[in-house]
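Going down the list, the protein sequences come from chains A, B and C.
Per our numbering, the first sequence runs over residues 1 to 331.
Per our numbering, the second sequence runs over residues 1001 to 1353.
Per our numbering, the third sequence runs over residues 2001 to 2338.
Hints are not guaranteed to be accurate.
[Said to hold, decoys possible] Far from chain A, by Cβ distances over 12 Å, these chain C residues were calculated:
{"no.": "1", "residue": "2006"}
{"no.": "2", "residue": "2033"}
{"no.": "3", "residue": "2109"}
{"no.": "4", "residue": "2297"}
{"no.": "5", "residue": "2300"}
[Claimed, not checked] Here are the simulated distance ranges between beta carbons:
{"no.": "6", "chain 1": "C", "residue 1": "2121", "chain 2": "B", "residue 2": "1276", "range": "43 to 51 Å"}
{"no.": "7", "chain 1": "C", "residue 1": "2253", "chain 2": "B", "residue 2": "1148", "range": "45 to 53 Å"}
{"no.": "8", "chain 1": "C", "residue 1": "2253", "chain 2": "A", "residue 2": "300", "range": "39 to 47 Å"}
{"no.": "9", "chain 1": "B", "residue 1": "1242", "chain 2": "C", "residue 2": "2120", "range": "21 to 29 Å"}
{"no.": "10", "chain 1": "A", "residue 1": "23", "chain 2": "C", "residue 2": "2096", "range": "38 to 46 Å"}
{"no.": "11", "chain 1": "A", "residue 1": "177", "chain 2": "B", "residue 2": "1110", "range": "36 to 44 Å"}
{"no.": "12", "chain 1": "A", "residue 1": "50", "chain 2": "C", "residue 2": "2128", "range": "24 to 32 Å"}
{"no.": "13", "chain 1": "C", "residue 1": "2096", "chain 2": "A", "residue 2": "274", "range": "53 to 61 Å"}
The hints are simulated quantities; they were obtained by calculation from the structure and are not laboratory data.
Model, not experiment: these values are computed from the prediction.
Every residue gets a Cβ at the ideal spot worked out from N, C-alpha and C, and that includes glycine.
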Amino acid sequence: MKELLKKLTEAYGPSGNEEVIRDIIRDEIKDYVDEIRVDTLGNLIAVKKGNGVKVMLAAHMDQIGFMVTHIDDNGFLRFTRIGGISVGNSINRRVVFKNGVTGVVSYDGDVDRLSDIKLDKMYIDIGASNREEAEKEVAIGDVAVYYSPFTENNGKYVSMAMDDRVGCALLIETARRLKSSPHEIYFVFTVQEELGVRGAKTSAYALNPDIGIAVDVTGTGDTPKARPMAVKLGGGPAIKVKDALVLAHPRVKELMVKRAKELGIPYQMEILDAGGTDAGAIHLTREGIPSGVLSIPCRYVHSDSEMVDAGDIENGVKLMLKILEGEIDIF
Amino acid sequence: MRYMDTKDFIARLVAVPGVSGYEEEIARLISEAFKPYCQEVRTDNFFNVYGRKTDGHSENMPKVMIAAHMDEIGLMVTDIDEKGFIKFTNIGGVDPRILLGQEVEIHGKEKLFGVIGAKPPHLQQVRDTRKAVKMEDMTIDVGLPADRVREQVNVGDTITFVSPLVELKGGMISAKSLDDRAGVAVLLETMKELDELRFCADVYFVATVQEEVGVRGAVISTYQLTPDIGVAIDVTHGDMPDAPRDETFAMNKGPVISVGPNMHLCLTQKLIDTAKEYGIAHMIEVEPGPTGTDARAIQISRWGVPTVLIGLPLRYMHTTVETLNLDNVKQAARLLARFIASLKEDWNQWLSY
Amino acid sequence: MAELLKQLTEIGGVSGDEGRVRRLIEKEISPFVDDVYTDRIGNLIAYKKGKNSSKKIMLCAHMDEVGLIISAIQEDGTLKFRTVGGIDPRILVSKRVLIGENVCPGVLGIKAIHLQEAEERQNAVRVKQMYIDIGALSREEAGQAVRLGDYAVFDSKYVEFGDNKVKAKALDDRAGCAILIELMKQEYDNDIYACFSVQEEVGLRGAEVLGYSINPDIAIIVEGTTCSDVPDVEQHLYSTEMGKGPAITIMDATSYASKELVDAFVKTAQKEGIPFQFKKGATGGNDAGRIHLAREGIKTATVSVPCRYIHSPSSVMDLNDYNNTIRLLSTFLKGCGL
């Protein structure tokens, strides 16, 4: 899992530009599924055939990033956000483009207070002396992501893009370990979740499953003076109750809790006030698809150093396997 | 159940818990209430309730969907502290200022009674009392120690307000969740009115779920039904002393018909003409964009649905003392029934643009 | 061509009230297409069969403009209103409007400067404080000329001025509508659906229905977009620049354009020597936002004509940009080997 997670989190794949990470995931999962295809928007859909309930599992491949909108005369790049990039998480950070060019994000000097900085007063410095030099390396529309290596300490993994490469890793590992399941399982690696759960909407429409379960990260309330939240790192995978986009279907939530209890693993109930996941799009597709979310607790979401607990991930895989191997009798 | 008086029906409706996403119990009640008046009643995977009532035998009957939402705003348990006090968040739009001193019911393993504690004035500085208390600083006291609370209550359990129906003067009633259980009562009244009329339409009365968190039940129920015509019944703002006159409506001048891009021009005109023809008092509300009701989802489902919106004036919306004129429920039902009865076989000729 | 633009921009068609625009477009486009019809939310669809009919291509422009809707008639005969679509309230002060089917004239007056305190002039006037004066002195008198729910548009005529420039209201997106009509006068290999959507300005609502109903292979949205290459704006915030040709969107607030289509536009422009630019920044949204997510997902892109001061009575466009947008799209549709 650690090696897989390292490979996935260090891969390039901002929203709308998921080709690289998609190829890596395809390579990792292809031996464990019956068919793979890529749809119009770029979602990767892998299926393990079966006769029972049609299950759609979703984890998003995309990560947040910085899109170049303008190159000035002195070779500095202006940018806009791809997904939830915040000023605080970007100041003086190292970023890297698809072609390997690196740069530093900083802000206009005429700012009095850090709290006054908005994105349009920031720039990326790739060390070019003028526009021509810069244009040899980057173009308008190019997207950079954080430059941030994977590290481990005390059983916690830290990297950029845990959101949601940890979900992708969980699905791949589930596909690998799944011995037998009566159900038809679609492992969907979605695109553009960070831009508004877009890939999930169209892939759910195409598949029209009986049940949907998204796998994504959620925040925690266990850091100093944290805003109150009952989830903590190491407390086990979290079963979502509610977030801004979805109220988990009671039957799906109950099934997940039941299986967690049967397994005897630690688990937590999760309420996220702000933020949403692919389940938000899946459950409102067509005639409505009962959906839930298996969340991996994560600190510092949307920064270049997102932290997860190895035990939570392992228990998350176990829980997913238990759900898939058993009856899914929600109605 | 059959000839239940409207006030009693509403009193029963508002007493059943049914916060957005947790409508199973209220759905059962409504389903039972619909049965005597409908040919078919069914419930979908998300607990939207559909009561089908049809009278015409024509090939070219319009399929009409009439929606009122059964979910209510409420709260949800987010944590239990070491002393057994319960922290919570809101489901749907809850003004934190209504919460102090409120009585609540927590739906854990069993229903637990609790109060949202308010610090007595004796212990507060005057300047503190000028600022509204934030929800994250409030707790619910259920009168039990932490270990007993944890046996019964989990993170994620829903919490509803305790606020039974009260009769005020002038035919007015006050309760929580008249938004939009009063609308559900309109559905039932309309069924009763239609029993006395001939009509030529395939009507689906839908009690929708999760309107308060984004008209979600309406999205999936409209997709399932593919109606030719859509009607939403919800509440709108009744006049209040501290609200602007041009944004609120009198309590005794009938239901409100909405006009604007979310509503189909000809269909709305037909509704207004029907009201005039039958001498049903009504008012007009102008809405410049997608309305905050199920109508916003219904209109853009699949190939589009010509939609109208009827509102019941309601004072103090989203508080536990929402106040409504019962007569408007009856008038809205009369209007709707006559409107349905006015749809003839040529409905799709005058309905097109 | 200018006559078409003039008629389209001068006609009133606020979101929810697009009937007049629709009828004009239907009249103009019918001679050149095989079928024209209106759907259940009011979108107009004009279908032209292709020589080979291999792909289904949708072109989309929205018919609606931002405006006002009358929400109350006061005792003293003045009218209260709400804004429909995004309007900066500050542009409303001291303007003329035309209300309803009868185009009843009204004015948005403001207290004379002589009667104001100095500090009053510092604060922008809010919509709730504003009213429209149609000259009526009582509710009854006003009620004979206007009704609740009537729409009001800016009273602004089409004017050609400066160096091939045009000033008009509603260039966003009557310019797009005019472009679609011009494009449909030519012949193409593929089946083309020229779609004129409603209610874009209040939430891309017509587009939601179009995406589901038409479900094309490719969708191209043609818009009038922001152009703020004016003093006091930093260069990287221009969005687009006047005179630099049609603007191709890479990403905006509601969609990320299909890279394949964007590359195809760029190649077409380069090959034909058509000036073009990229829309900078990712602000704004348009019908592409709903269309690309319809059903199983649709390959979508947006090409826009730069317009200064959109959503005001006096937006400005360069006719060269307008013509180059038509050239780019027509060449693309004819020969791109889709």
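Now the hints, each set against the structure:
1. 2006: Residue 2006 of chain C is indeed farther than 12 Å from all Cβ atoms of chain A, at 35 Å.
2. 2033: Label holds. Min Cβ-Cβ 27 Å, cutoff 12 Å.
3. 2109: holds, 36 Å
4. 2297: violated, 4 Å
5. 2300: At roughly 10 Å from the nearest Cβ of chain A, residue 2300 of chain C sits no farther out than 12 Å, so the non-interface label is violated.
6. C:2121 with B:1276: 43 to 51 Å: Holds, at about 47 Å.
7. C:2253 with B:1148: 45 to 53 Å: holds, 50 Å
8. C:2253 with A:300: 39 to 47 Å: violated, 26 Å
9. B:1242 with C:2120: 21 to 29 Å: holds, 25 Å
10. A:23 with C:2096: 38 to 46 Å: Cβ of residue 23 of chain A to Cβ of residue 2096 of chain C: about 59 Å, so the range 38 to 46 Å is violated.
11. A:177 with B:1110: 36 to 44 Å: holds, 39 Å
12. A:50 with C:2128: 24 to 32 Å: violated, 60 Å
13. C:2096 with A:274: 53 to 61 Å: violated, 44 Å
Of the numbered hints given earlier, the model fails hints 4, 5, 8, 10, 12, 13; all others are met.
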